[in-house]
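Protein chains: 2
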Amino acid sequence: MKKIINAPENYTDDMLKGIYTAHGDQVKYTDDNLRCYCKAKKTEGKVAIVTGGGTGHLPLFLGYVGEGLLDGCAVGSVFQSPSAEQIYNVTKEVEAGAGVLYLYGNYTGDTMNFDMSAEMCEMDDIETRSIVGADDVNSGEDPAVRRGVAGIFFMYKCAGAKAAEMGTLDEVLAAAQKAKDNTRTVGFALTPCIIPEVGHSNFTLGENEMAMGMGIHGEPGIWNGPVKTADELASESLGTLLKDMPVGEGEEICVLINGLGATSIEELYILSGSVRKLLDEKKIKVYRTFVGEFATSMEMAGASISICKVDGEMKDWIDRPVKTPFYTQS
Amino acid sequence: MKKIINAPENYTDDMLKGIYTAHGDQVKYTDDNLRCYCKAKKTEGKVAIVTGGGTGHLPLFLGYVGEGLLDGCAVGSVFQSPSAEQIYNVTKEVEAGAGVLYLYGNYTGDTMNFDMSAEMCEMDDIETRSIVGADDVNSGEDPAVRRGVAGIFFMYKCAGAKAAEMGTLDEVLAAAQKAKDNTRTVGFALTPCIIPEVGHSNFTLGENEMAMGMGIHGEPGIWNGPVKTADELASESLGTLLKDMPVGEGEEICVLINGLGATSIEELYILSGSVRKLLDEKKIKVYRTFVGEFATSMEMAGASISICKVDGEMKDWIDRPVKTPFYTQS
Numbered sequence: 011m012k013k014i015i016n017a018p019e020n021y022t023d024d025m026l027k028g029i030y031t032a033h034g035d036q037v038k039y040t041d042d043n044l045r046c047y048c049k050a051k052k053t054e055g056k057v058a059i060v061t062g063g064g065t066g067h068l069p070l071f072l073g074y075v076g077e078g079l080l081d082g083c084a085v086g087s088v089f090q091s092p093s094a095e096q097i098y099n100v101t102k103e104v105e106a107g108a109g110v111l112y113l114y115g116n117y118t119g120d121t122m123n124f125d126m127s128a129e130m131c132e133m134d135d136i137e138t139r140s141i142v143g144a145d146d147v148n149s150g151e152d153p154a155v156r157r158g159v160a161g162i163f164f165m166y167k168c169a170g171a172k173a174a175e176m177g178t179l180d181e182v183l184a185a186a187q188k189a190k191d192n193t194r195t196v197g198f199a200l201t202p203c204i205i206p207e208v209g210h211s212n213f214t215l216g217e218n219e220m221a222m223g224m225g226i227h228g229e230p231g232i233w234n235g236p237v238k239t240a241d242e243l244a245s246e247s248l249g250t251l252l253k254d255m256p257v258g259e260g261e262e263i264c265v266l267i268n269g270l271g272a273t274s275i276e277e278l279y280i281l282s283g284s285v286r287k288l289l290d291e292k293k294i295k296v297y298r299t300f301v302g303e304f305a306t307s308m309e310m311a312g313a314s315i316s317i318c319k320v321d322g323e324m325k326d327w328i329d330r331p332v333k334t335p336f337y338t339q340s
Numbered sequence: 011m012k013k014i015i016n017a018p019e020n021y022t023d024d025m026l027k028g029i030y031t032a033h034g035d036q037v038k039y040t041d042d043n044l045r046c047y048c049k050a051k052k053t054e055g056k057v058a059i060v061t062g063g064g065t066g067h068l069p070l071f072l073g074y075v076g077e078g079l080l081d082g083c084a085v086g087s088v089f090q091s092p093s094a095e096q097i098y099n100v101t102k103e104v105e106a107g108a109g110v111l112y113l114y115g116n117y118t119g120d121t122m123n124f125d126m127s128a129e130m131c132e133m134d135d136i137e138t139r140s141i142v143g144a145d146d147v148n149s150g151e152d153p154a155v156r157r158g159v160a161g162i163f164f165m166y167k168c169a170g171a172k173a174a175e176m177g178t179l180d181e182v183l184a185a186a187q188k189a190k191d192n193t194r195t196v197g198f199a200l201t202p203c204i205i206p207e208v209g210h211s212n213f214t215l216g217e218n219e220m221a222m223g224m225g226i227h228g229e230p231g232i233w234n235g236p237v238k239t240a241d242e243l244a245s246e247s248l249g250t251l252l253k254d255m256p257v258g259e260g261e262e263i264c265v266l267i268n269g270l271g272a273t274s275i276e277e278l279y280i281l282s283g284s285v286r287k288l289l290d291e292k293k294i295k296v297y298r299t300f301v302g303e304f305a306t307s308m309e310m311a312g313a314s315i316s317i318c319k320v321d322g323e324m325k326d327w328i329d330r331p332v333k334t335p336f337y338t339q340s
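The listed protein sequences derive, respectively, from chains A and B.
Mapping the first sequence onto the working numbering, position 324 (from 1) lands on 334, and the numbers just tick up by one.
Mapping the second sequence onto the working numbering, position 243 (from 1) lands on 253, and the numbers just tick up by one.
Source of the hints: derived by calculation from the structure; they are not laboratory data.
Just so you know, not all the hints are guaranteed correct.
A pair counts as met if it fits within one copy or between any two copies, since identical chains are not told apart.
Said to hold, decoys possible - With a Cα cut of at most 27 Å, we get these calculated DSS-like pairs of lysine-lysine:
{"hint": "1", "residue 1": "K325", "residue 2": "K292"}
{"hint": "2", "residue 1": "K27", "residue 2": "K102"}
{"hint": "3", "residue 1": "K295", "residue 2": "K102"}
{"hint": "4", "residue 1": "K333", "residue 2": "K287"}
{"hint": "5", "residue 1": "K12", "residue 2": "K293"}
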């Protein structure tokens, strides 16, 4: 295992200390617990949005806490859910009198703990709503069981914009729901990653082997086979995406080309070009393209392609300026 | 070689097509040549800043072309210098009546071609000045022979700010020079990278071996040995940096923790935390910390640490908002 770390068991906390010392003007922690990550300042009367999840996916999840996006994040260990108590403590710190939206990825442990926290909040008269990202098409036929991956970015962006314009809790939830309904993702991995405390990868891929549909924790995909070209991967992925969520000629989408960690930015743009060529052929209009690392799996090589069908309202939400230590739009 | 690409010989052009289709509102190419990369709109009367270099280092070099930063970039093939003609054509396109600053990394081929382009510009009565980034301390005792790496970010930032406030060519050069004089970098690699057209890495590192001081093209470093901890790497690197450029108690610096490509963002923050702990012990004040990928080597694993000593004027330049397809500050 080649990583720039200290003791593997301190991976998450060392990372958090690095973040707090680098960005203390923008974020803080509460409850004397590094894992309870919050925006430094709160806006009274605004709906608060809280997310959470395991470490190992930066900038997901905590990287989206900041101006115009989220208010807090409960941080689990590598690929582990945060506890209900951490979620609860983050919620108590960031709620500002207008209720709290829980917006996180569709994983069993996270759902259990967010639900438990919501019950604890109810006893404190803090109103919460919950919605999960579940954009990974290849992770299940049934949309209800799908995992949440990079497409959650569009949910954060739309809900964050609605909250920033002082929407009600139900309106913020509706914005997240609208983004969810219109977003789909397909991903593929070329190499595995290693959980620091384990010290070796929990699966292997051959020298020229890749995995289509693999999850960001290494969940098995729908096929393993020889590495395909960018054009082939774009074609297969878009086929899957558009079969699940048809987009007609002239309709508009945003495209998100996400690197899983070790894949170079150069490759992401090659893939982006391949995707765009196909969309142009299909006369699907691209409103905006995002390329970079939005949801990673530490040093896993691979990428995902998300599309988000947009109307005027969503374009406005997506274009709204945001500023976090990890992501800025102006 | 596991990469998301099409034909290896089209790597650079496929990447560029991806960038232009994704960000056509912000950048364009001139002279019917994808390799002649320019800001979409120019500001008359502003000093233009032109950079250039080989492909494989995104966001370096072209990623810094945009509002508040650079105006054009001549793009070479992977790890190759752009041609003098490409540099010249970019210069012709972006010059706006106030002269042009050439600001690029200290590599022989680049210097030769930028100098040749400067001569061609002279015949056209376009005034140019040149300055090279040469911040990589371990690449040579003599500052004049040192290579330019991630620290060029501070030169771009300061020169870009001065040009945006309509400084003269000499003032913009002086801002770049001031950033150069106050910036030093140390880097280290944990894995090599592969040039697509070659198909294999041009050196190897053992299973637990790293290279201190390795260049972003794989130039040999000052030692190869077992992978050290983040704390140890921070300590050795800071020792090298501060020996070369002493920083006294109470003086202020910016810190740039740069990932070389495959290293996870989590590790970069662990390293950032290690660096900060040492700086706090030395009572060196950190004005601002940048963490992310600023100058990469495709899928090389590793990182670099840059420090930039700042005064009031430089802090103002560094804080100024910028917006490119690859980097936004607000």
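The hints, checked one at a time:
1. K325 <-> K292: Within. Shortest intra-copy distance 21 Å satisfies the 27 Å Cα cut-off; inter-copy 48 Å does not.
2. K27 <-> K102: within (22 Å within a copy, 48 Å between copies)
3. K295 <-> K102: Answer is neither; intra-copy 42 Å and inter-copy 33 Å both fail.
4. K333 <-> K287: Result: close only across copies, 26 Å inter versus 31 Å intra.
5. K12 <-> K293: neither (45 Å within a copy, 31 Å between copies)
When the structure is compared with the earlier hints, violations turn up for hints 3 and 5 and for no others.
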